[in-house]
Every structure is written in structure tokens, then in C-alpha cells.
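**Student:** For reference, the chains in residue letters:
Protein chains: 2
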Amino acid sequence: MISHPAFSCEAWCLRETDLDLDVLAQSESLFALSNGHIGWRGNLDEGAPYELPGSYLNGVHELRPLPYAEAGYGYPESGQTMINVANGKLIRLLVDDEPFDVRYGTLHSHERVLDFAAGVLRRNALWTSPAGRTVHVSSTRLVSLVQRSVAAIEYQIEAVDGPVRLVIQSELVVNEPLPPGSEDPRAAAVLESPLRSQMHASDGMRVELVHRTELSNLLVAAAMDHLVDGPDSMQVLSESFTDMGRVSMTVILEPGQRLRFVKFVTYGWSAERTRQELGDQVDAALTGAHQSGWEGLLAEQRTYLDDFWARADVEVDGDAEIQQAVRFALFHVLQAGARAERRAIPAKGLTGTGYGGHAFWDTETFVLPVLTYTVPTAAAYALAWRHSTLQPALDRAAQLGMKGAAFPWRTITGAECSSYWPAGTAAFHVGADIADALVRYMNATGDTDFEAKIGLELLMQTARFWQSLGHHDVQGRFCIDGVTGPDEYSAVADNNIYTNLMAQHNLVSAVEVAKRNPDRARELGIDEEEMAAWGDAARDMMVPYDDILAVHPQADGFTAHQEWDFAGTSAEEYPLLLNFPYFDLYRKQVVKQADLVLAMHLRGDAFSAEQKAANFRYYERLTVRDSSLSACTQSVMAAEVGHLSLAYDYLAEAALMDLENLEHNTRDGVHIASLAGTWIALVAGLGGMRERGGTLRFAPRLPEGLTRVCFRVLFQGRCLQVETIPGLTIYQLLEGTALEIFHFGEPVIVTKESTSCPTPALVLAPEEANRPTQPAGREPLLRSGRRRIRTAKDLP
Amino acid sequence: MISHPAFSCEAWCLRETDLDLDVLAQSESLFALSNGHIGWRGNLDEGAPYELPGSYLNGVHELRPLPYAEAGYGYPESGQTMINVANGKLIRLLVDDEPFDVRYGTLHSHERVLDFAAGVLRRNALWTSPAGRTVHVSSTRLVSLVQRSVAAIEYQIEAVDGPVRLVIQSELVVNEPLPPGSEDPRAAAVLESPLRSQMHASDGMRVELVHRTELSNLLVAAAMDHLVDGPDSMQVLSESFTDMGRVSMTVILEPGQRLRFVKFVTYGWSAERTRQELGDQVDAALTGAHQSGWEGLLAEQRTYLDDFWARADVEVDGDAEIQQAVRFALFHVLQAGARAERRAIPAKGLTGTGYGGHAFWDTETFVLPVLTYTVPTAAAYALAWRHSTLQPALDRAAQLGMKGAAFPWRTITGAECSSYWPAGTAAFHVGADIADALVRYMNATGDTDFEAKIGLELLMQTARFWQSLGHHDVQGRFCIDGVTGPDEYSAVADNNIYTNLMAQHNLVSAVEVAKRNPDRARELGIDEEEMAAWGDAARDMMVPYDDILAVHPQADGFTAHQEWDFAGTSAEEYPLLLNFPYFDLYRKQVVKQADLVLAMHLRGDAFSAEQKAANFRYYERLTVRDSSLSACTQSVMAAEVGHLSLAYDYLAEAALMDLENLEHNTRDGVHIASLAGTWIALVAGLGGMRERGGTLRFAPRLPEGLTRVCFRVLFQGRCLQVETIPGLTIYQLLEGTALEIFHFGEPVIVTKESTSCPTPALVLAPEEANRPTQPAGREPLLRSGRRRIRTAKDLP
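Top line first, the protein sequences correspond to chains A and B.
Each step along the first sequence adds one to the number in UniProt numbering, with nothing skipped, and position 206 is 206.
Each step along the second sequence adds one to the number in UniProt numbering, with nothing skipped, and position 279 is 279.
For the record, the hints were derived by calculation from the structure and aren't laboratory data.
Source: prediction; values computed, not measured.
Any given hint could be a false lead.
Below, in silico cross-link-like pairs of lysine to aspartate or glutamate (EDC-like), each with a Cα-Cα straight-line distance of 20 Å or less [said to hold, decoys possible]: (1) A:Lys403 x B:Glu573; (2) A:Lys612 x A:Asp556; (3) A:Lys515 x A:Glu529; (4) A:Lys453 x A:Asp527; (5) A:Lys403 x B:Asp449; (6) B:Lys453 x B:Glu341; (7) A:Lys403 x B:Glu563; (8) B:Lys453 x B:Asp527; (9) B:Lys515 x B:Asp449; (10) B:Lys403 x A:Glu563; (11) A:Lys752 x A:Asp307; (12) B:Lys453 x B:Glu512; (13) A:Lys403 x A:Asp317; (14) A:Lys612 x A:Asp547; (15) B:Lys403 x A:Glu277; (16) A:Lys515 x A:Glu457; (17) B:Lys403 x A:Asp565; (18) B:Lys752 x B:Glu779.
Bound conformation, chain A alone (with noise of 0.2 Å):
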């Protein structure tokens, strides 16, 4: 990208040309691999140098005391920590005495290849040791999409001018030193070292370990086990100890001859399965691997990504970089998501520790829209993973002297893990953002199996805390009083709009949903009275208006507070929250993150066309967008309201957020949430798609300067794909029977012939005269004169 010149501009990779240490950390989170299960940052094989190595495991946690200087009733006391499981990238090379290091000798050329088809990251390297003996590095690694619970590395050493002897240490390493975090350091204490030994053992070229956290009373295995296919001299020495496994092999190889061997790594996990089993597992995980082999891990990956970009892929013309950034999204997302299966998505996936690998709402609210369209399976894993916790919410909501379940702000587990309140148990919303992610699940699939099974009870305990956390007023307005809505730079306010509205149709979808699954519902224990109860609320949900602005106040008050000085704050002073007080934040109209403007878009239904316009510009002058989960949201209402070059810039800035380490903090992962955002801008603001009541609904337009825009969505059984050219959409069913969408509100029938449904003109003013303003120095970058079109000398 521009802002990082050793990453070229391609299609179907992310390719660095130069090693860049001030990168490293960012480099690491952009080229980690994951498939949901396990996840290995993009650390260079040898280890060093390394900035935060990484393995993790889905799941696999500490527990650490949350402190408090004055303690409060209902305060998390116990938080959960994602920790670093046995390294399994590791494979250190010793060049005749000398350690292969990047950072000493003369690296002559390096290369790392994400490759988004293939599903592989591959690296060259071609050093010259200090000593003066030049070898060629090459690996290809990948954490199977296929095999759950298997990682691969392909590894090549070549002599180039002369004869090398060559040691090759293949490890599997626990409790790695890590950088100090900017936590509270007596917290880091705990997480130093978190895994206690079990059991090691080597034989041959395999190793495994047992290790087991002490907190949280987990058992981690990781094995390994290797092919390799060398010179006959080769002598393999394997060893384990507590916390590391190495299998070394020496070899002298001659000018041109080359060490090809490929490290099967496999992993396991539990709370509940003895260390036998869990060895077994590992074990039979290392069994499947050796019988797929090297390349029937490839062929496996390269089939389940080809099946995923045929149903998933979107294309577009005229911008290269976001043709680029957006499967780089839509990979990550995937890897995210793919095998979660029934563990959260955490906001930074497996690339990262960032937020502790804590979820938190933006699964449901952001990336589970993708996976819903896309991998719908996966959906439905992300939200039987919710129902997993309801245990929990049900436990949470009672501490708090509510009625049904308290999804957790932040968690691994489904244990509340927020230890600030006001920005954290009371943002309740999360529990209809869960009831939303379910109902355009079930509406997008038809799944009625998982609607009895999972989809009623999460709606039904979800609309119970809501009737019990509302109340009626005088003038019997159902009221919601005193919680912190998406915007973080508020809290605790009364009536915020977003969470409102998504609680009213938490509790209309609850009653649709029970009246629909009438036996199930009787069998949960929800009766006329209780569905009456739910539908009332709905009914007389409080909505404020501002009549003299003519805008939706965010919460009840909030125009009527003062307006940040933002002309008055420095470049320098944002992100906002680390340079003023919560207090002052609170109390002024400054929004971190689209909060009205997201109720906007996914309760699109509560907003005429002309409140969403006002309030788009109202709200765009306040938000500085402090959060990766701001960008795209805006793009979609800024594409809605008719403000397509501002949708664009926006669409960029989301879809750019890890590649150009636009928040500063990709070092710590990726931004899942943002990552998906790109798809969501693409396909909801560009696209215009909406679901309402089981319909699709489309209002496609290309801002000026892309040519094309081509996406495809599963629905219903269907696969429908959409292709914007200028002046014209052009609709058609990829598989599936005929199904009926709308185009600008015209109804279409949709069949595997092609549709083509021109564009109604936009009735605007001058898009840059009419353009809504931000605050001073927070506009988002033109896209205008950044764009980069494809060229030759791009392509692969």
C-alpha cells in the first residue's frame, strides 16, 4: 500500500518485498494464519527477530484478579486473559555456527506472500551469514481450514556458494518471554509464565506436550512430527523437556543441493478431558495430517478457499487497493470464523492479544452479517456459541436484579470480564445485538431447526431483560433508562435511540419467533401473557426528537449538552480517551463511534429518509470516529443519504484500517470488525443491501472513480450475485430457484438469467457543496486522489 511501500498492490495477495523491521509487529497481525481454531501470528520461522510471537488456541485462557481500589457490588472479580500455547512455528537454523538472523549478515532478498487463494503464507529469504556463506530460505505454512487441529510448514534450505553445514532445531516452545504488556503489571506477573507442565515426551521425530494452566485448570497439548526428505547423511536427534520439544538435525549440504521437510504441528485443548485423552487426540490430529500429507493439506486448503471465494468473493474495478484490501478482509474474517466452532470470535481473531482476545458485540453486529451471507455455517456456530453462555447471562442478569440474561461485555467464556462499568455491563445493548445477528440469520437461511433449538431461547431471555430493565412512564412511553449505547464518549444516559430500537426488535422478534415455534415456546414457559407484555413494550418504545434542532438526540439530552471544543484539539489529542477525562467526554456532544447513525442503518425501518439525512449530517459534524468500528458504518448511511464520494472515503478508510495501521494498534491483531466493515461498506453502502422480513432489498450506486462493483450473497438457499456497472445493475442467481429482491424499492424477480435494473438518477445538490463537514481534522482522507488503479506492473 502507499503508506507501506513493501507491501505491493495485488489482487490475491498481500505480498512484502522488504523487511521492515519498524513493521514487524504489524506485519506479524497482517500475515497471521487462523483458521478460528488456532491461530499462529505471521512470527518469521526462525523466531528471531520477533516483536509479539503467538499460538493460540480458541478458548485457551488465564484467569487474573481484577483489581479495584474501591470495590463495588456486582463487579467482575475474576478477568480472562487469551495466554500464548506452545509455539509450533519455530525452526531455528544454525548456518554453520552462525544463527540464521535477518538482523545480522546480508539478507539479500526477502519475501512474504499471503496468499488469500491459496490460504498459505509463503517466505523467501536469501542470506548471506556473517561468515560469508549464502543459503536460500524458503516456507510455506498454513493452519488448515480443513484439518481443525493441524498447522503445516513446509521448510526448504538451500546452499547457494558452497558447501554448508547446517543444524536445524524444529521446536515446539512454552511460556515464550513476551513483551511487557501496558497492562498493570501485577496482572502481567500472573500471565509470565501461564502454563504449568504435564507431561513431555519425544520419540523419533515426533514430540508432544501436556501443559495446564493453574487459574483457569486447563489442559494444553501440542505435538509434532516431521518428513523430511534429505541427504542420507542427515543425523535427527529429538529431545523434550517442560516447556519445549525439539527434534535437531544436522546435515552438510553441498552447493545447489537442498533440506525440504515438512512439520506437522497439532493441538488440543480442554477443560474436562484427561491428559491421555487429550494426548490421543493430538495424536490421531497428527495421524490425519501425515495421511493427507504435505500436498493434501494444500489441495484441502486450495479447495475449501475456492468453494469459499466462489460464494463470497466481491470484485472491484477501478480501485486496486480496496479490490486488494477487501479479500485480505473477507481471508481474515474467514480465518476467524471458519472453525471457531462454538468458541467466540474474538475482536482480533487468533492474530493477536489485543483486548485480552476478548469478544465483545461487534461479532454479532459486524462480523457475523458477513459470515450470515457468506459462511452461514459459521454463523450459526458464532451464535450457538452465545447460547453456549447463557448460563452465565442468565447468573450475570440475576446479580444485577434483572429477569433473563446479561450477555457480558467482554468475555472469553461468556463471564463478564469488564471491570469499568459504565463503558462496559452497562452497554446492554449487546444482548439485542445478539437477538439482531440471530433473526438475520434465521431470515437469511430459514434455518427452523436452529430456531427452535437456539434462535427462540436466546430471543426469549433476551426480551426478558429488556422488560425488565425498561419501565413505563406517566405518559406510558416504555423507557430505558441509564445505559451506554455503541458510542463510548457517552454513558450512561437515558433513552439511547440505538439501544431502543434494537431492543424493540429484540422484543417484536421474540414474540414473532414464540408464536411461530408455538410448542417450544410453551416448553421455554412463554405464555400469552408474557408475549402481551413484550409487545406492549415494543409498541411504546421511547424514540426522543429534538424539535428544535429537528434531529434524533442520541439519548434523551444529549443536544442539549455542550459541543466538543474541537477546534480547540490537536491532532495530537486523539484518540480522545487518552487524553481527557471520561467525565468531560461524557457530558459534551462528541461521539466516538456511530451510535444513532448505526440504529440508523440497522433500524433503517424507524427513520424517514429525511430524519436519516439530517441526522447523517448532524451526527457526521460530531464523531470523530476514535474507533475502527466507525468508518464503515458511516460509509453505509453516507451512501444511503446520497453522499457517495463521502461513502467511498469512508469505505476506504475501513477497508485500510490494519494495512495502513490507521488506529495504531494492528500490532496487537487485526481488526476483525473493521475487516468485515469493508464487505459490510461495500455491500450494504454501495450495494444498498437491506433484510427486511425475510426480503432482500438493494439501491446500488458506484461513487465516481470505480468502474465496477460485483458481490455475491447466500440467501435462502440461493446464491445471488450482484454486479454494479455505471448506470445499471445487473442481477443474478449463482445457484437456487427464482427468488423476489427489490431494486430502489421495485420488486425483481431474480433467476440464474441475468437481470439488468438501471439506476434512478440521484436528486442531490452538488455532491461537494452539500458535503457533510467533521470535526476539524477528522475528516476522513479523500479517496479521490489516492485511489491506485491496477496496472501490469501490479499483477502477480
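Starting from the known structure of chain A, fit chain B onto it as the hints suggest.
**Tutor:** Leaving out everything else, chain B in the frame of chain A:
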């Protein structure tokens, strides 16, 4: 008192005639002696049994890190905790090898008397050791109100039934083991042994110890010396160690023979002076004590208190318990403030470690009104302490992005120590409370020197703060958003009326005082523009009103909130904060402590009589009094709106807060502000005293049951006595020249001749039918059924 028959009901002392180990901690607090500089809890002389040993020096504290699981900008990193210094109370006694310990052997009689007139704690015990030896031990303890650094004990032992060999160990002990706190154990670890020895020495009967705190870097010196009156055969040994100094006396007493000695203990501390200087200081104090001698110290103490009671006594006829309680209260308020001298007056005085020894707004709002009218120099010193903390308050305001001074919510030295900002830093009203106390002091004393040197600067910096905190809204109203008022069951609300009205008074007073002191104002940089802006803000101050309910909402939106489910809340669930989450308390109509009602007391001019009556009734229904800072204010306003029996009930609750341990935490120290509230309930409540613009107004009435209330106040160089009997109030100056006051709105000139003014009839519906109601189960106890009238038996 009734609940603890061990305490008899006497007018001038608190007498315990039985040692109940279950209330030992409470009695240690009640029997504490202090002069505001030194505090000695009422621990038994021999040290054991004890609940909380306590010897405190005002200002001596240690720092502790304030932990945050999620950090935030502007959160204080370091807290302060008052520490236990050298225990000079200790006199261990060995009776024929048996330690004198009332838990063993037989305690034939026990008596402790806190004498409000003499200012001493007397103790008498007749005890037979497990081995059968009987001794009579008596002691008298004082902390000198005249010699600030001096405490002393007269100790006597008499052999009763046979010769006894006695070993007396008179000690100074540092770093005593403390009972485990309920605080974070890591914080407690820091404070386990907070003092590091710097030197220790003994010589003759004199011992000196100097220690240093580790983080706060304070030097603390303690010394003791003895005057002994015993048989010639007595042997004396003095020793010193790092954390202990001891003078041991060995003697054999024949029956009827007694040993008597006096122990002088002196303390000094400093952040700046050297070890030598401090050593000299405690030595000098010992010399001073020697010069006075025991009888001299007693006489000085008596004279000091005679003078105090002549000016400050409140006589209550018809309820002996209240008579005792108000003297107990005044005695403790005096002890807390008398010699604090430019140090804070902590919430618990120097009687225990509750609230970490921190001072809060209640100093200015509850304690200083009493001191202002009884010991004005002490009020001036307390305000001078605030002035001395101006720099940290300016720094804090700057850190928060505000102008002027932001005084801390809780502190020892002036730095903010509150780690929960919604109920700490956001309670900005503390600034206006300081301003209110300043104006009260200046109006009561006419201290123009103080006004120019201290008053104006504090008014200016607090006014500047309000001006920067608030803003004019589109309707031209000056709004103060996102703050927390006195009621801690609401937080971070807009336009808290208490805050707004107190800020208004702050702004107006700043203008007035600046105009009165033009030279000083110029020197401080106050110009016409700034005064005009303060005036504008005050004039336009927003005071929300609920037209539908015809009451003032405590803050914007308050009266629209759901009411707390009082009927569904059991008695065991109070205090609510220990059983319900903040988020739920904050969003409902439930009031921890008088907030709007306190505004009606302190800013009565801002409400009509009808509004006061309606508001009082409305908030009575919602106020649970989970804070000790509520009953006195409710008493004041109940009296003002004519509910005299209710006023009496609340008066009794404030008065008996510690004597009956109503908040169940008197163990941690007495509630100085609630004790002060006893005086407020009598003087501002039943007496109806208000000061406005330098003029005193009264509206005295007696509730059924009280036959006479007589109080005195110092005002502008006069000592005014106000004596109310049924139907009549008699005003008389005990000192000073004629003064115009108002009696029920009518001007009266008071002179040294008494003036009788009739009490106008109270026009109200029959009391009980009309009585405002409280939340179920939270009604105050009816005083009528519990009142004790003094009988001959009660007299000493």
C-alpha cells in the same frame, strides 16, 4: 443508651459500667481522645483485648498505588491512607507473673468515663488475677487541647488483698499488628508495617523513637517520659529498639499501698524537618508537659473546655439522651477540629481508620457550620487548610481540562484519592461547598483579613472552575452537565440542582467579595470581564422543574425515572450499595442522602415555602438514608416545613448515630459530620437558624416532648443565646453589642437584656395524618416512644 445499657444516660459524660467485648471496637471509637493533631482511640491501657489499636497524627499517611483493571485518563495513581503511629497509650502490667488482662481472672468492676467537661477519659478496674491477687487499677488519660503535641496518662495501681509483685511496662510501640482490613489485600500489604526506624534512644525514664514512612517520606517522632510516685524499692529499666521503647518498673506493693505515675507522650512529624529537629521538637514538648505537670495539664484542659462550653453548649430539656448526645457530639467535633490547624478534618476525625483518614466535602458542609459559630478560629484553620491545597486543585483542574481549582473528593494532603470517578471526581460540588463555608465564616466573623488573604482567592478559583465547567445552552440557560450531587445513588447527571444552586452562590459571592476587595482582586487578576461572566452564569443558572409533578427534579430527568422497588426490598438489603449494582441505583428514583433537600436548606432562598413542602414530601418517599449525612438535613427541612415530630425523630437519629452504632461502622471511627449534624438539627432545625447576607434569622419551635432548647452562637463578635420554651423564645446577648436578628421574619434587636418573642402558631393539618412517608422499612424510629427523661438515678 437504651441499646447498650452499659452506657448510662448522663448530661456531661459518657459512662460505661460494664465491659462488653462485643462492642469493644465501637467503644474504642466513642472513647477516643483527640485534639485534632493527635488522636488516641479508647483502647484499654494494657493494650489487650483490642479491636483496632489506633494512634494517629493528623496528616501522617502512607501512599498506596490505586489499582485499575482498566485504566483511564486522569485517574489518580496514588492513594493516601492514614497510618497508625507510635502507640503511647500502652501500659502493660504484670501482677505476680500474670498479665493484667480482663479476659482472664475476675473483673469485679469496670468503668470508663469520657468526661466532656474535664476533657479526659477515666478508667477504673477492680480485678483479681487467675492466681487470686486483687488489684485496683485506675487511669486518667488526656490529649491536651492546649499543648498540641502532648498526651498524658495518670496511672495508679493499688494492691487490695495481699502483697503483689508488679512489673509495669510503659511502652511506645510502632508498627503494631492490625486486624485485616476489608480493602484490597495488596493495598493492606503496603500498610502492614508502614514505618521504618530512623533512630531510637532511651535514657532514665525517657524514650524517643523516630521513624520514616517509605513512600510519603514523612518523619515521625514520638517520645515519652514519666513522673513516678512509688516505694523506694522500685527498680526502673529503660530500653529502646527499632520499633519499641519501654520503661519497666518493678515493685512490690503491700495491701493498701499504691503506685502512681504520670506518663507524658509527645509527637511530632514533618515532611521537611530533619531527624534532629524533630527529636528536639518532641523533647521540647516533653519539657513543656513537665513544666505544666499532670495537674497543670488537667487544669488547662478544664479551662479550655469551660470556655468552649460557655460559648457552645446546647441545653435540651425533656430528653436526657439527646442532651447527652449533643454534648458528646460537640465534644467530638471540638476534638476533631480544635487543633487541626491547617490540616484536614477527616470524616472520622482521628478516631479510626474509616475512609482511610480522608477528608471530604462534609467538613465544609456539616462540620464547619458548627465550628464557625462555636470555635471560629478552628473554622478559619480548616479553610486555610483548603487554601494550602490550592496548587494541587489547580493542577487537577488543568488535568481535567478545566480552569480554576478542582478540589478533591477525598484526600489527606490535597491530591485526589478517589479511584471511582462517577462518585468521586464528578462530585464537583465540593468546590461550591468550600465557597459556601468561606462565605459563612466571613459573614459570621467579619474577618476581613481572612477574606482578603484566603477567601477571595478560593472564591475566584472555584468560580473560575464553575464557569469553565458549565455552558450556556441554546435557550441561554447556564447548564452544568454530567456531575454528581450529594446523593450517591445518582451520578453523572445534568443540572443537579444542589450543584447548580451552590455554584450560583459561589459565583455571586466571588463577584461580591471581589468588589469588596478591589485591590486584592486586581492583584489576583480578576477583571471586570471575568466578574461579568460570573454574574451572567449565576443569573442564567439552570434550575430544572417538573411541571407535571410540581416538584423540582434532583437533576434533569430524575423524576421521569422508575421508582425503586421499595416494597420488594428487604431490610437486610440495606445499605443498597452493598446489594445492588450502581447502574441500577443510578437510573432509578432512590436517594441515598439528602440532595435536593440539602439544597433547600443551604439555598432556601431559591425555593418558595410551597415548593419546599412539596419537594420535602416527594423526596421523603425516596430517601433511604444509607448515608450518615442525611438525617440531620432531613431534620432541618422537616422542621422548616412544619413536621416537628419528624424533625425530632431525625434529630435523634443523627444524635445517636455513633452511640447506637446505627450505621454499623462506628468501629472504624465516629461520624464527625453526623455528630455535627446533631447541632445542626437542633440549631438550624428546631431553632430555624439561617444566616443570609450577614444577618441571622430564627424560627424556633419545640416538638412535643422537648420542654426547652437553649443554644448559643458566636456571631460578629457577639455571643448570642437563644432559649426556646413552649410558646416563647428568649434572645439574649452574653457578649457584645446589640444585634438585629429576625424572629419568624420579624426584626428583633437583641441586647444583653433578654428579649422574649412569642412563637407563632403552626398552620398545618394534624401532624400524624399529614406526616410525609418514607420508603417501607426506612422510617426513622419514633422518638416519642423512646425518649428518656433525666431522672435522679441518671445523675452522676
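**Student:** Against the 20 Å threshold, does the CA-CA distance of Lys403 of chain A and Glu563 of chain B hold or violate the hint?
**Tutor:** With Cα atoms ~17 Å apart, Lys403 of chain A and Glu563 of chain B stay inside 20 Å; holds.
**Student:** CA of Lys515 of chain B to CA of Asp449 of chain B, is that 20 Å or under?
**Tutor:** holds, 15 Å
**Student:** Tell me if the straight-line CA distance from Lys752 of chain B to Glu779 of chain B falls inside 20 Å.
**Tutor:** violated, 42 Å
**Student:** Hey, Lys453 of chain B versus Glu341 of chain B, does the alpha-carbon distance stay inside 20 Å?
**Tutor:** holds, 16 Å
**Student:** Has the given pair, Lys515 of chain A with Glu529 of chain A, been kept, meaning a C-alpha gap of at most 20 Å?
**Tutor:** holds, 13 Å
**Student:** Does the alpha-carbon distance linking Lys453 of chain B and Asp527 of chain B stay inside the 20 Å limit?
**Tutor:** holds, 18 Å
**Student:** CA of Lys453 of chain B to CA of Glu512 of chain B, is that 20 Å or under?
**Tutor:** holds, 15 Å
**Student:** Would you check the hint for Lys752 of chain A and Asp307 of chain A, treating anything up to 20 Å between C-alpha atoms as holding?
**Tutor:** holds, 19 Å
**Student:** For Lys403 of chain A and Asp317 of chain A, compute the direct alpha-carbon distance and say whether it is at most 20 Å.
**Tutor:** violated, 51 Å
**Student:** For a C-alpha distance cap of 20 Å, please report whether Lys403 of chain A and Glu573 of chain B respect it.
**Tutor:** holds, 18 Å
**Student:** Can you confirm whether the C-alpha distance between Lys612 of chain A and Asp556 of chain A stays at or below 20 Å?
**Tutor:** holds, 18 Å
**Student:** Are the Cα positions of Lys403 of chain B and Glu277 of chain A separated by 20 Å at most?
**Tutor:** violated, 65 Å
When each numbered hint is compared with the structure, violations occur for hints 5, 13, 15 and 18.
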